[in-house]
Amino acid sequence: MNDSELSSKPLMLVIDDEPQIRRLLTLTLGSNGYRVDCAERGHEGLVLAAQQPPALVLLDLGLPDIPGIEVLRRLREWSATPVIILTAMDAEAEKIVALDSGADDYVTKPFNTGELLARLRVALRRSTPSSELPVIRSGAVVVDLATRRVTLQGREVTLTATEYSLLRLFLLNPGKVLTHRYILREVWGTAAETKTHYLRVYIARLREKLEANPKLPPLFRTESGVGYRLADSPQ
Amino acid sequence: MTDSDRPNPDSLLAALQRGEAASRRGRLKVFLGMSPGVGKTFAMLEAARRERASGRDVVIGYVETHGRKETDALTDGLPVVPRRPVEHRGVALSEFDLDAVLKRRAQLTLVDELAHTNAPGSRHPKRYQDVEELLSAGLDVFTTLNVQHVESRAEIVREVTGSSVHETVPDSVLDNAEIELVDLPPGELLQRLHEGKVYLPERATAAAQSFFREGNLTALRELALRLAAEHVGEDTRHFRAAHAIANVWKTGQRLLVALSPSPLSAPMARWTRRLADNLQAPWMAVYVDTGRPLSEADQTGLQRNLDLARDLGAEVIATSDQDIVSAVLRVARQHNVSQIVVGKPTGIRALDLFRGGSVLDRLIRESGNIDVHCVRAAADGVKFRAEPWRWAQRSTPQQYLGALTVVASITLLNFLLRPWTGSYAVSLLYLLSVVLLALFVGRGPTLLAATVSALLWDYFFLEPLRTFYITSLPDALMFGMFFVVALVMGQLTARLRSQQSAEREREERATALYLLTRELADRKDLPELLSVVVRHLGAVFAAEVAVLLSDPANREPLVVYPFGTLGLSDKEFSVAVWSHQNARPAGQGTDTLPSATALYLPLTTPAGCLGVVGLRFRCGNPPPLAQRNLLDNFVQQIAVVLDRQRLRDAEQAAKLTAESERLGKTLINSISHELRTPLAAITSATSAMQEAGGLAPVHVSLTLEIQEATARLNRLVRNLLDVARLESGHLKPQMDWCDPVDLCQMVARGSASAFEGRSLTVRAPTGLPLFRGDFVLLEQALFNLLINAATHTPAGTPVELTARVVDREILFAVADRGPGISDMDQKRVFDRFYRAATARPGGTGLGLSIVKGFVEANGGRVDVANRPDGGAIFTIRLPLSDVPKLPEETTP
Chain A
0 MNDSELSSKP
10 LMLVIDDEPQ
20 IRRLLTLTLG
30 SNGYRVDCAE
40 RGHEGLVLAA
50 QQPPALVLLD
60 LGLPDIPGIE
70 VLRRLREWSA
80 TPVIILTAMD
90 AEAEKIVALD
100 SGADDYVTKP
110 FNTGELLARL
120 RVALRRSTPS
130 SELPVIRSGA
140 VVVDLATRRV
150 TLQGREVTLT
160 ATEYSLLRLF
170 LLNPGKVLTH
180 RYILREVWGT
190 AAETKTHYLR
200 VYIARLREKL
210 EANPKLPPLF
220 RTESGVGYRL
230 ADSPQ
Chain B
0 MTDSDRPNPD
10 SLLAALQRGE
20 AASRRGRLKV
30 FLGMSPGVGK
40 TFAMLEAARR
50 ERASGRDVVI
60 GYVETHGRKE
70 TDALTDGLPV
80 VPRRPVEHRG
90 VALSEFDLDA
100 VLKRRAQLTL
110 VDELAHTNAP
120 GSRHPKRYQD
130 VEELLSAGLD
140 VFTTLNVQHV
150 ESRAEIVREV
160 TGSSVHETVP
170 DSVLDNAEIE
180 LVDLPPGELL
190 QRLHEGKVYL
200 PERATAAAQS
210 FFREGNLTAL
220 RELALRLAAE
230 HVGEDTRHFR
240 AAHAIANVWK
250 TGQRLLVALS
260 PSPLSAPMAR
270 WTRRLADNLQ
280 APWMAVYVDT
290 GRPLSEADQT
300 GLQRNLDLAR
310 DLGAEVIATS
320 DQDIVSAVLR
330 VARQHNVSQI
340 VVGKPTGIRA
350 LDLFRGGSVL
360 DRLIRESGNI
370 DVHCVRAAAD
380 GVKFRAEPWR
390 WAQRSTPQQY
400 LGALTVVASI
410 TLLNFLLRPW
420 TGSYAVSLLY
430 LLSVVLLALF
440 VGRGPTLLAA
450 TVSALLWDYF
460 FLEPLRTFYI
470 TSLPDALMFG
480 MFFVVALVMG
490 QLTARLRSQQ
500 SAEREREERA
510 TALYLLTREL
520 ADRKDLPELL
530 SVVVRHLGAV
540 FAAEVAVLLS
550 DPANREPLVV
560 YPFGTLGLSD
570 KEFSVAVWSH
580 QNARPAGQGT
590 DTLPSATALY
600 LPLTTPAGCL
610 GVVGLRFRCG
620 NPPPLAQRNL
630 LDNFVQQIAV
640 VLDRQRLRDA
650 EQAAKLTAES
660 ERLGKTLINS
670 ISHELRTPLA
680 AITSATSAMQ
690 EAGGLAPVHV
700 SLTLEIQEAT
710 ARLNRLVRNL
720 LDVARLESGH
730 LKPQMDWCDP
740 VDLCQMVARG
750 SASAFEGRSL
760 TVRAPTGLPL
770 FRGDFVLLEQ
780 ALFNLLINAA
790 THTPAGTPVE
800 LTARVVDREI
810 LFAVADRGPG
820 ISDMDQKRVF
830 DRFYRAATAR
840 PGGTGLGLSI
850 VKGFVEANGG
860 RVDVANRPDG
870 GAIFTIRLPL
880 SDVPKLPEET
890 TP
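Order-wise, the sequence lines are chains A and B. The opening position of the first sequence corresponds to residue 0 in numbering that gives the first Met the number 0, with each subsequent residue numbered one higher. The opening position of the second sequence corresponds to residue 0 in numbering that gives the first Met the number 0, with each subsequent residue numbered one higher.
Careful, some of the hints might be misleading.
Distance condition first, Cα-Cα at most 30 Å in a straight line; then the derived DSS-like pairs of lysine-lysine [said to hold, decoys possible]:
| id | chain 1 | residue 1 | chain 2 | residue 2 |
| --- | --- | --- | --- | --- |
| 1 | B | Lys68 | B | Lys196 |
| 2 | B | Lys884 | B | Lys731 |
| 3 | B | Lys731 | A | Lys194 |
| 4 | B | Lys196 | A | Lys194 |
| 5 | B | Lys654 | B | Lys664 |
| 6 | B | Lys664 | B | Lys731 |
| 7 | A | Lys208 | A | Lys194 |
| 8 | B | Lys731 | B | Lys826 |
| 9 | B | Lys654 | A | Lys208 |
Don't read these hints as lab results, they were simulated from the structure.
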């Protein structure tokens, strides 16, 4: 840490075996106010992450030496640094495993730079703990955790106990993909992990109650085959 | 409930198996009568009409009405399977057509005269075997039978009526049958006979006159009644076993009868069967091979006796041992036999003293807690000449001549030696020569040499010389002792030799089997195995060999191994097929199709019949018993090895499939990676340029062009990979509950960029039920349909995406206002790489084939139609199932 002026910029660690992707990410991230470290292999990435703890890790799952998922697991043994997975389009199973192993988000190749930067910002913001406000907002929805009052554009919305705990789970993880299994376990308990139909029905109900204006972008986003994500709208 | 009342698990199991076997096998009902003319056929037809009235499918397989009007009338309306015309020695006969009846598969078939002997050339020699085959095929049969034709009663009938019965039916056929007795008092039968109501063949009238006497008929009636009654008793016993009623019969009895090639053994087998019936006991027949070779006639006789025992329901065991008594007792102890049946001895008692007591004496003394029945072996009218001298037949004249030559030379030698040794020493030389002879020649020449040398010694060397007189007591003693010692030594040596040769034969058999097993174990693939099988069977049994294997992938029941040494005609092939389908031996020397030129043995394993081995013996006759046992062992061993080979092959195939699946997956993954990485770089770079801002408007448009091209390329890559997944068969949908509303909105949002400047209306009302499917695959399918609509319809025309429920199915429809699709194209539009002739440029012809593949993988179907008011409509239909209930909840 000899470069104190640069250390104010967040450090990104890119672990990807494709030199072109590494170069591009270095360029785009660098021009958007981040420092970038690159690693070609999993072991190398883990060493770098230990030497200079990054603010965020961009991890490709197909690495030549050890599987990306293994890198993630080893990293999670000692670090809570946010991790975004770079993955192929039709690898839902892979995405679920990565998310369940502690990844914060994933970006599907080929990815749009704007989208990637937005995901980065969300993940970074989540990793800096905000003061424990009793009130959470997401777009037009305001939830007062102390009184369990939910309002949409100022009008109070009545929710059942399950609907409320589902909404609360989303609000506590804004912008993060929650896998089906995770949501079911958190809201209905371990026994309900496979009962996806609960989730489908309750998400539909919440949407009905809270996505009143179809012109607006949806609040609860479906991540096909993986889970749901609460739309992240900067407050 | 005491312990003894409790149902024995074994007997319950047996009852279950009986029930199971009965449910698989057809049921046999026998209309039993005491003699011809009591109305069995009439009763059978009446019963058949009742079955038909209750709705069963009844056919006449073979019914002989002898032109009787009342009986003829009963056959009216019952369908008849035409008989098979047969010509035998210029006489046209008609026989029951087994194959036609098997093909017809009626629930119930009527087959008259169970004891009938089929015309030569039929599949089975006897009609009851045809019936057995029908039963095995699961078809029910009604049949008729006279009591005199029942195997175990044939002996008594002959004793009662004096006429012998040639056509008999084994008792085992009746064991699982229902018996209905057709009874008529003898007086009434005689009345009907006088009135000419009983059909009798012309030539048999005289014999019939003596047969149909009141005394005979009464005895036959009693036999029939008793048979029916005993059968009822057996049914009751099975019932008791199944219902756990304490058994009142003596249990644990098991009978054993010792059989020989002698014709006297046949009545003994029948006698044992009757005793076994009365005791409700299982029984077995044992043949002891003492190593003494059997003549041709004896071989046949033995086979006939063993077959008879088998037909009578015995378990037949062949064992080999020098000593009959110890062999019989060993088998008896091994099988927990409680009673042994033997024939009364007929031989000369004095001879037994040499053998350490007669067989019977020893059996009784050594049998311990086993009862021994000694039954009258000689049936009246059967003369059996014992053949005590038969062993002599084995030796050739040359051997006798050789023996005499040896004795003559010894005599000459003795003349030379006598002056120095005296007359007693020369006797030892004679003795030595007899013993040595016995080592090389059979019993006959040995005995001859012993006798001749005793006489020569007496004549030439004992005082008075040149006479057979013996004057002194020591000389008399010496002569007597010489004679006895020569005989005994000769006998002992000869026995040793025959024992050795039997031992050698057994060893040869064991070695042959060992060699086969060892060679089979070395072979790695099927063709090699089969070549070993053909070579060994051919060499050991001096036969031409064919191997036929069943192949589940082939439509033919059996595939002939092409390198067998036996070529099969169509007829022989059909014998092999029969053997395979019934898992029983067929062809030469068996009950089935004995006219075939080869013997066919099934290769049975617990998993089923693998195929058939066919052997045509060079000597033209089926092999003798010992060889046949060896052959059975061979075939069993071959079946085991082939079975193992099949399992090994199946395992290999499974491994190969798994490996190719893995390879395919790896290939798809690496191609996907290689194609997508550059795409990712392009997308990332162009979007970064836009993000950075500060581009001239023309550059902004250019980057947009690049982005659109990349998106299209990306879709193409995705389609190609989807096709590869479908093609490889590795597509495994992740079925889960899906929300149709969510699905429609996701697809609409994902394809929004393709619909810029036109309207895409989504009609998916809330309240649609959840359905099971793979969300990702269906999203891709609907996406492809929307892209297809966007590509192939004029710009600006609207497209609708609708979800609705019709008849327990959920429908997703993509409707456009384009030119529609011609009838011909509608059929082919889902084919891979098919592009309609009128299609606009663009597209690869893959998108819709992927839709079809994905929808079908989800258990649904997709179709296309033209809308009545213009445009095409693609509809995906997926089955709906009941959504499980959600936990109840109330609003707080």
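Can you give the numbers of the hints that this structure goes against, from lowest to highest?
4, 9
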